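Taken in order, these protein sequences are the chains called A and B.
If you're matching positions, the first sequence starts at 1 in the numbering used here and goes up one per residue.
If you're matching positions, the second sequence starts at 1 in the numbering used here and goes up one per residue.
Calculated directly from the structure, the hints in this document are not laboratory data.
Do not rely on the hints blindly, as some may be mistaken.
When chains are identical, the list treats them as one kind, so a pair holds in a single copy or across two.
[Unchecked claim] Mimicking DSSO-like on lysine-lysine, the simulated pairs with C-alpha atoms at most 30 Å apart in a straight line are: (1) K326 - K32; (2) K334 - K51; (3) K381 - K326; (4) K51 - K366; (5) K51 - K75; (6) K398 - K158; (7) K392 - K136; (8) K376 - K51; (9) K75 - K18; (10) K75 - K27; (11) K82 - K158; (12) K289 - K18; (13) K289 - K27; (14) K158 - K316; (15) K334 - K158; (16) K193 - K182; (17) K51 - K289; (18) K289 - K346; (19) K51 - K316.
No experiment lies behind these values; they were computed from the predicted model shown.
Protein chains: 2
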Amino acid sequence: MPSISEKGRAMPASPIRKLVPYAEEAKRKGRKVYHLNIGQPDIPTPDVALKAIRNFNLRVIEYSHSAGNESYRRKLAEYYQKIGIRVDHTEMLITTGGSEAVLFALMSCVNPGEEVITPEPFYANYNGFATSAGIKVVPVASYIEDDFALPPITEIEKKITPETKGIIICNPNNPTGYLYSKEELLVLRDIVKRHDLFLFSDEVYREFCYDGAEHYSAMNLEGIENNVIMLDSVSKRYSECGVRIGALISKNRDVISTALKFAQARLSPPGLGQVVGEASIDTPQEYFKEVNREYTERRNYMVDTLNNIPGVYCPKPKGAFYTVVKLPVDDADKFAQWLLESFEYKNQTVMVAPASGFYSTPGSGKNEVRIAYVLKIDDLKNAMETLAEALKVYPGRK
Amino acid sequence: MPSISEKGRAMPASPIRKLVPYAEEAKRKGRKVYHLNIGQPDIPTPDVALKAIRNFNLRVIEYSHSAGNESYRRKLAEYYQKIGIRVDHTEMLITTGGSEAVLFALMSCVNPGEEVITPEPFYANYNGFATSAGIKVVPVASYIEDDFALPPITEIEKKITPETKGIIICNPNNPTGYLYSKEELLVLRDIVKRHDLFLFSDEVYREFCYDGAEHYSAMNLEGIENNVIMLDSVSKRYSECGVRIGALISKNRDVISTALKFAQARLSPPGLGQVVGEASIDTPQEYFKEVNREYTERRNYMVDTLNNIPGVYCPKPKGAFYTVVKLPVDDADKFAQWLLESFEYKNQTVMVAPASGFYSTPGSGKNEVRIAYVLKIDDLKNAMETLAEALKVYPGRK
Chain A
1 MPSISEKGRA
11 MPASPIRKLV
21 PYAEEAKRKG
31 RKVYHLNIGQ
41 PDIPTPDVAL
51 KAIRNFNLRV
61 IEYSHSAGNE
71 SYRRKLAEYY
81 QKIGIRVDHT
91 EMLITTGGSE
101 AVLFALMSCV
111 NPGEEVITPE
121 PFYANYNGFA
131 TSAGIKVVPV
141 ASYIEDDFAL
151 PPITEIEKKI
161 TPETKGIIIC
171 NPNNPTGYLY
181 SKEELLVLRD
191 IVKRHDLFLF
201 SDEVYREFCY
211 DGAEHYSAMN
221 LEGIENNVIM
231 LDSVSKRYSE
241 CGVRIGALIS
251 KNRDVISTAL
261 KFAQARLSPP
271 GLGQVVGEAS
281 IDTPQEYFKE
291 VNREYTERRN
301 YMVDTLNNIP
311 GVYCPKPKGA
321 FYTVVKLPVD
331 DADKFAQWLL
341 ESFEYKNQTV
351 MVAPASGFYS
361 TPGSGKNEVR
371 IAYVLKIDDL
381 KNAMETLAEA
391 LKVYPGRK
Chain B
1 MPSISEKGRA
11 MPASPIRKLV
21 PYAEEAKRKG
31 RKVYHLNIGQ
41 PDIPTPDVAL
51 KAIRNFNLRV
61 IEYSHSAGNE
71 SYRRKLAEYY
81 QKIGIRVDHT
91 EMLITTGGSE
101 AVLFALMSCV
111 NPGEEVITPE
121 PFYANYNGFA
131 TSAGIKVVPV
141 ASYIEDDFAL
151 PPITEIEKKI
161 TPETKGIIIC
171 NPNNPTGYLY
181 SKEELLVLRD
191 IVKRHDLFLF
201 SDEVYREFCY
211 DGAEHYSAMN
221 LEGIENNVIM
231 LDSVSKRYSE
241 CGVRIGALIS
251 KNRDVISTAL
261 KFAQARLSPP
271 GLGQVVGEAS
281 IDTPQEYFKE
291 VNREYTERRN
301 YMVDTLNNIP
311 GVYCPKPKGA
321 FYTVVKLPVD
331 DADKFAQWLL
341 ESFEYKNQTV
351 MVAPASGFYS
361 TPGSGKNEVR
371 IAYVLKIDDL
381 KNAMETLAEA
391 LKVYPGRK
């Protein structure tokens, strides 16, 4: 029997993979499990999008252009222009989710063995795409005490080696919810310029900014237009994660034409998803206001409640719908398993994502978990109450 | 400005990419261009599939399981069992088109620098996926004079080196239309067994077998169950190329669990596509009979007509909807460009895919083109008449 590849063995498993059997077992026992561990919003997909599916009337579901339907790219360019990002339809490729945009960007720009720096904790799947591309993600620590702000320029520059090819940021951030300020982006611009690096900017949570905070896109950083590659997705914006539609956007023509070759090999992005994505651009502004109101309420409730639990510290993030929380526990991996395996409160329990899965520095984030506030406020209340009770009795409490 | 990656530079462009501007220019001039160059069938998608889209009634388009919806996998397993391939829903992953199945299989099984052997000419995008994975496709020549039958065992074994990790076949074949016999598959089995290789079997054209010929799946080869990875897609079977739904199937648990890690990194395959794929399994048998009748008629017409043109040789393939044809021309690349740029007959011309794009051995297939018979018989007649006229006047005729 031939052996599987080294790359296959090196591929990281999903950080919550080992918890899944415990969650299933808890459910089998009739227990209600609140999922605070995933980024699957419960917000309805906009009506215009759902209507587009039901009105689909072609006789043949054909391949689209490898770069995505031109009609969709043109409309997407209009969306970007409206929010102040000046790109046209030739400066983008439609991808199969934001995931493929990250993969194509890394494959197109970074050689096997080379390095990409990212503030840690970071979106765990960057490791998977980096492994696929044979490259290395080099973490630079950010800290919960600073609410996970961008590490100082000196710390970032310490990580730069001759192998460094770029920096990848997620803004607003998954897992921390941190929203980078314009000043922080200017710091990144200076580093990118000085060392001639690519800046991969994952902006899929752009619409999720709270307290009136504004999102500043890396695409608007002057003087590094050829260095910036924006990675985007409709998944969170319109709560349509399942359509698998994303985009890779850059002013750098070499990057677009190179990524197009990867896109041609896989023929085309999903056709029905593009129909949905295109229709979604007409989502009324009211939808976003309502979603923002809803998430703000959830966040405020969650942050306040968590910070009232003795020993817990929860930053108040300005973006996305996650937060990384410090818990008074010995080991968040053990705690997460214990919640599912051994704990119940009113026949309920919660599933959280241990933050260790978002750090690549061993030992980091040991007493932290990522919580996604993607539940309705009543469910969130029950979940928070359950978590508070759990922390009272957890044997590994510190 | 940072440089793009070596891999990006090495990625092959689509074989017809350089012809596209000429085709566009011909259309701008008001010329009718018959597309014999692409594998986009004009056959309608089955009604059950289109109905499933229009009846979509979920409020949130959510991520599916990374391996694909269990309901779909169970139903797909039933489909395979019905056609004599004994697999269950745990022995497969739903992928984003057959393309992703090929990529995941190569990434999971073959190390960068290692080799995969394939009969040449071969599906050009295998090169793209191999480049993405950092591996090498080693061609073993098959010949139009043999109608592109499997090369003799001795020729295949000559290509085996310590770096050889597997063999990839496409059966029925794109681009040649050749259907491998059971005897040929048994030859492959022996080689695979003797050298402990993977056998990657791309069977996306399974339903397209003519003249009563039966398809023999590599999944049914006894004694190499852990070596075989079947790659599949709904694109051609149900004429729904745009849904981007494929599958990776194997009895080898290590391969499935490894490929699942790549699948988890990209979260999930397209959700709407899975709804369509699942519904498509209920396509009535009548649909396939009708499609088969239609393609048989097209093929017979095309093969007879081509072989009646002086200097042309066209095999009569038993599968898929392509054939590689030998033309009396100096250089098929030049001829294909000339057809679009300088020729018209009754204000019509044809676009063909030069076979050079399907060979990696330099100089091979220089006077061959791939023709896809995906046009209605009346269009096909016009296209063949136009091609015959073109060959009469082409300045590079030999």
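Checklist entry - Between K51 and K316, at a C-alpha cutoff of 30 Å, which is it: within one copy, between copies, both, or neither? => result neither (36 Å within a copy, 46 Å between copies)
Checklist entry - Should K51 paired with K366 be assigned to within, between, both, or neither, using CA atoms and 30 Å as the limit? => result neither (45 Å within a copy, 50 Å between copies)
Next on the checklist: Reference check for the pair K398 and K158, CA-CA at most 30 Å: within, between, both, or neither?
Outcome noted: Cα proximity of K398 and K158: none, with 34 Å in one copy and 65 Å across.
Next on the checklist: Treating 30 Å as the Cα threshold, decide for K376 and K51: within, between, both or neither.
Outcome noted: For K376 and K51, only the intra-copy Cα distance (24 Å) is at most 30 Å; the inter-copy one is 33 Å.
Item to check | K75 and K27: within-copy, between-copy, both or neither at 30 Å Cα | outcome: Between copies, since 25 Å is at most 30 Å while 44 Å is not.
Checklist entry - Is it within, between, both, or neither for K289 and K27, if the alpha carbons may be no more than 30 Å apart? => result Classified as neither; 35 Å inside a copy, 46 Å across copies.
Item to check | Alpha-carbon proximity between K51 and K289, which holds within one copy, between copies, both or neither at 30 Å | outcome: Answer is within; shortest intra-copy Cα gap is 21 Å, inter-copy 34 Å.
Item to check | Same-copy or cross-copy closeness of K75 to K18 [CA-CA at most 30 Å] | outcome: between (42 Å within a copy, 27 Å between copies)
Checklist entry - Under a CA distance limit of 30 Å, which applies to K193 and K182: within one copy, between copies, both, or neither? => result within (16 Å within a copy, 60 Å between copies)
Checklist entry - When no copy is named, should K334 and K51 be tagged within, between, both, or neither for a Cα gap of at most 30 Å? => result neither (45 Å within a copy, 47 Å between copies)
Checklist entry - What label fits K392 with K136 when the C-alpha limit is 30 Å: within, between, both, or neither? => result neither (40 Å within a copy, 58 Å between copies)
Checklist entry - Given a CA cutoff of 30 Å, do K289 and K346 count as a within-copy pair, a between-copy pair, both, or neither? => result neither (35 Å within a copy, 58 Å between copies)
The earlier numbered hints that this structure contradicts are 2, 4, 6, 7, 11, 12, 13, 15, 18 and 19.
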